[in-house]
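Novice: Got two chains here, separate frames each, mind docking them using the hints?
First to last, the sequence lines map onto chains A and B. The numbers in my numbering rise by one with no breaks, and the one at position 50 of the first sequence is 50. The numbers in my numbering rise by one with no breaks, and the one at position 249 of the second sequence is 249.
Honestly, the hints are just simulated from the structure, not real lab data. Treat each hint with caution, since some may be false.
Said to hold, decoys possible - A few chain A residues facing chain B, derived, Cβ under 10 Å:
(1) Y96
(2) K123
(3) E128
(4) N166
(5) E170
Think of the CB as a built atom: it goes at the ideal place given N, C-alpha and C, for glycine as much as any other residue.
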Amino acid sequence: MRILGTCKIAESGVFVNGLARQFEVNEDWKKDLYASLNIEYPKFYKMDALAKMAFLGVELLESSCNFDDYSENEIALIFANRYSSYDTDQRFIESYTEKGSPGPSLFVYTLPNILTGELAIRKKWYGENIFFINEKFDAQFFIDQINFYFRKGSKACLCGWVDSANNQEECFLFLVENSIDEISIEELIKSYKQ
Amino acid sequence: MVTPIGDTPQENFEAMKSGKSGVSKIAGSGFNDEDWPLSKIKHLEEENRYQALLKRTCSQLLKAYGQELFQSEKTLIIISSTKADIDSFPEDTFSSTRSIINELLTPVNTPVIISNACISGVLAINTAVDYLNDEKYTNVIAIGIDALSDFIVYGFQSLFALSDAPSRPFDKNRKGISIGEAGGAIMVSKERPSEMFSVEYLGGSSSNDANHISGPSRTGEGLFRSINLSAERAGINLKELDFISAHGTGTLYNDEMESIAFDRLGLNKIPLNSLKGYFGHTLGAAGIIELLATMLMMEHKLLLKSPGFEEQGTSCNINVLKENTESEAQLVLKTASGFGGGNASIILRK
Numbered sequence: 001m002r003i004l005g006t007c008k009i010a011e012s013g014v015f016v017n018g019l020a021r022q023f024e025v026n027e028d029w030k031k032d033l034y035a036s037l038n039i040e041y042p043k044f045y046k047m048d049a050l051a052k053m054a055f056l057g058v059e060l061l062e063s064s065c066n067f068d069d070y071s072e073n074e075i076a077l078i079f080a081n082r083y084s085s086y087d088t089d090q091r092f093i094e095s096y097t098e099k100g101s102p103g104p105s106l107f108v109y110t111l112p113n114i115l116t117g118e119l120a121i122r123k124k125w126y127g128e129n130i131f132f133i134n135e136k137f138d139a140q141f142f143i144d145q146i147n148f149y150f151r152k153g154s155k156a157c158l159c160g161w162v163d164s165a166n167n168q169e170e171c172f173l174f175l176v177e178n179s180i181d182e183i184s185i186e187e188l189i190k191s192y193k194q
Numbered sequence: 001m002v003t004p005i006g007d008t009p010q011e012n013f014e015a016m017k018s019g020k021s022g023v024s025k026i027a028g029s030g031f032n033d034e035d036w037p038l039s040k041i042k043h044l045e046e047e048n049r050y051q052a053l054l055k056r057t058c059s060q061l062l063k064a065y066g067q068e069l070f071q072s073e074k075t076l077i078i079i080s081s082t083k084a085d086i087d088s089f090p091e092d093t094f095s096s097t098r099s100i101i102n103e104l105l106t107p108v109n110t111p112v113i114i115s116n117a118c119i120s121g122v123l124a125i126n127t128a129v130d131y132l133n134d135e136k137y138t139n140v141i142a143i144g145i146d147a148l149s150d151f152i153v154y155g156f157q158s159l160f161a162l163s164d165a166p167s168r169p170f171d172k173n174r175k176g177i178s179i180g181e182a183g184g185a186i187m188v189s190k191e192r193p194s195e196m197f198s199v200e201y202l203g204g205s206s207s208n209d210a211n212h213i214s215g216p217s218r219t220g221e222g223l224f225r226s227i228n229l230s231a232e233r234a235g236i237n238l239k240e241l242d243f244i245s246a247h248g249t250g251t252l253y254n255d256e257m258e259s260i261a262f263d264r265l266g267l268n269k270i271p272l273n274s275l276k277g278y279f280g281h282t283l284g285a286a287g288i289i290e291l292l293a294t295m296l297m298m299e300h301k302l303l304l305k306s307p308g309f310e311e312q313g314t315s316c317n318i319n320v321l322k323e324n325t326e327s328e329a330q331l332v333l334k335t336a337s338g339f340g341g342g343n344a345s346i347i348l349r350k
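Okay, chain B solo, but in the shape it has when bound (with noise of 0.2 Å):
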């Protein structure tokens, strides 16, 4: 779990724990040369930025895992990337993610890619499961990875979309995004390994609004539908749950369409987050470190606060955290909502 506050998941349980932010003011961002407030790993190479966040990415999960696993014919990889190497257009800007991939992990199976906006990372692991479930492997690696570009930047501010102070989702004065950069990766297991944390997939769907491309639905019929089905895939009541990562972005729609979609469920007393406020909005790899930092507060025994956050800024009510709070939280649910008007989730249980 490679972000601007951490090397591994521990150090940013803990530096999530004391309430430590990537997202600061970068000089020069912006296409006019603003200084957006953005979240930047700060020791990375500018040169092929993206390539050294994976191979970055990689060596963590070697010391983590060992060569020996991804080497494994019952071991496939699964990447979720937005933008992947843009930087490095007019070539293929996927073809460093395999090449990179294939000389550090030297994987035996043929990776595969996810390119589904921001519902990338949840979708990988929905996809994970599917491949366990084939009973071909028995671990799956799904990796999230996107990196900070002047594409990205420039993309997001001409949509008026970023926010000049760092993002505050859900909050009454939020007004954008800090995009941020981000590495991550979660192995999907049949077995329950004994020598780690682990939590069970208990379900996961992916739903379209149906609406707009950018925009999103003023019902959170995509969201709405997806959360439904993942709660019947995993067999569960929604009022059962005890905690939600939500995406929120700290856009005035996408918050206020998340409110609308969990108010429609009835989960308006459900302890909620978003982690944008740590690590910013990491696109591809969202879904990915945020499932890995929920693992770690349900491992912990710790819902953190979702940052920024002071008054409800949506129409309908919703349980923003805003003090860590000790949870022996059991039952969750993990949102992401992305371009395209695409919306997935997860339901995990310790």
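One chain only, chain A, in its complex shape (with noise of 0.2 Å):
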């Protein structure tokens, strides 16, 4: 397998295949860095935090992924996060309890794969999809998912580790490619730990 492009959002900044980007993340970075992006998409601002910087993170891996290689059946969405979908569950436990009656529109993203949902939206992709809750970001627990569904007929995987929790934000995606050559496992996690 290869590692087509990876893409790191933190506090330390935006990483795009181990580049960073002149680009301050502050507190409203997300809608920042989408309009600094020009794309006409406006159920980006329906998001949640999750889906949001998925959305971001595969805008900024298409500057150097050509998505459009593989068919719509072609590409396993395998995700994996430690907080599921926190944030959003605690604005919908708010909405019942503070702000007088149950949110419908934050009650659907109170499940992590909504955000593979958004992409496979955005992207028209209809391959398969997955996701895991890990203690932290486990870079053979990738590889393991990645020889599976290349094992069973993915060409390629877009994998990621997607997290918003009391205040900490983080996006890691990276692309890789079914191919005879073997990934580091040390090149993984320094993409990471950027």
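Specialist: Structure representation (structure tokens):
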């Protein structure tokens, strides 16, 4: 397998394929980054933090990865995080404990895999999807899963560790293609730790 | 298999056979104190409900298999849950899952947790097979679990997705979902055990609708694609299917979507049911307990009726079972669909 591209967004900054972009990750960073990318996708504003981060990550990855090389069934989405949909869970709980009534537009985002749904809609990807809850980013775990999906016939895997809880946000995406090369775990961990 | 109608697979099967349902009106369960019909385990404590349910599921597992199986380095545990211990918020809602599993089952290998809405259970079985094919493990135990909570009931209420009478999947007068709670587990092994009933996993897959995050596709796209892919992986012709254990939540749009996907695949005549009338919609547990129930039907050569179904209520004709029917069903399809546009399916052979 071969890593075709990585994207990391965290407090330390925005990195695409290891290179830092001129961008300040402040409180409004998702809105600012969206504006800087000149995209027209009004649905973005309805998304929760997890889906927004994954969406922006894919847009950034696209600058170096050509997703069109794969047909609509060929890309598997393999995602994981620690805190599931924590931030949106909190906002939904507040809607019925403090704000009068349970908010349906919040409730639909109280599942972590809504973000893979949003990516599938945006890119018209009909391939396989799975979302795991892990205690921390585990490079070997992702590599095992990628191998499973290549064995089953996916041509590429878009993987992601996207989390948002207790005012901590991070998004790490990487696209992997099926090839005879071997991925270095160290290399993957290094990209994640940027 | 811990549900409102039984604590073991056998108890559940006997209850289903006699037409018993776990769904009943629960006083004051709604946000405005409505009495929603829910499938609630009556003798489970209210405090730390999820934890109590997980503990009971683990203790049933220990009774059935003994501790040693879980302590083997050749055993992996996979857990499927949508909201896990949401009542423990603002704690990390998945942390009690890890601590209870570690304390009671004492596994060597770190359990794998899947949270992918209502298709989690089916994905857990697909993932179990992936791990077995990788040769590292000989047994994978897939546990599906979700408990009732205000969070879930208020959420589905806010979407106007709850039915004010027990849910009636695929029926003309269906009005929505009855939420349920359950815990269950399936052992997936390389070797076919001689001492207990088993079925063969032929193939499975998932596919996204790429259409809407909370509404089913109008063309049943993801379900159609997943079933086709599972059949291809299983190396079977879908026309040979003897039975379908469908998802069938009881909402207008979901059941309509499933009928369209089955129609596009030419599966109109294959006997089919939804088990939601017995258990309610148990979210992350659904795929697991419905597969268990399907295996019990295959073992006992009896296809169970789809509770609440009286009159065709979807635009495409499908063969929903109105009565328990004796059958030597050999080749069976299980499907699931959920929020986030996810669909998953599995093909089993007796």
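Novice: Please flag the earlier hints that this structure goes against, numbers listed from lowest up.
Specialist: Per hint list: single violation, 5.
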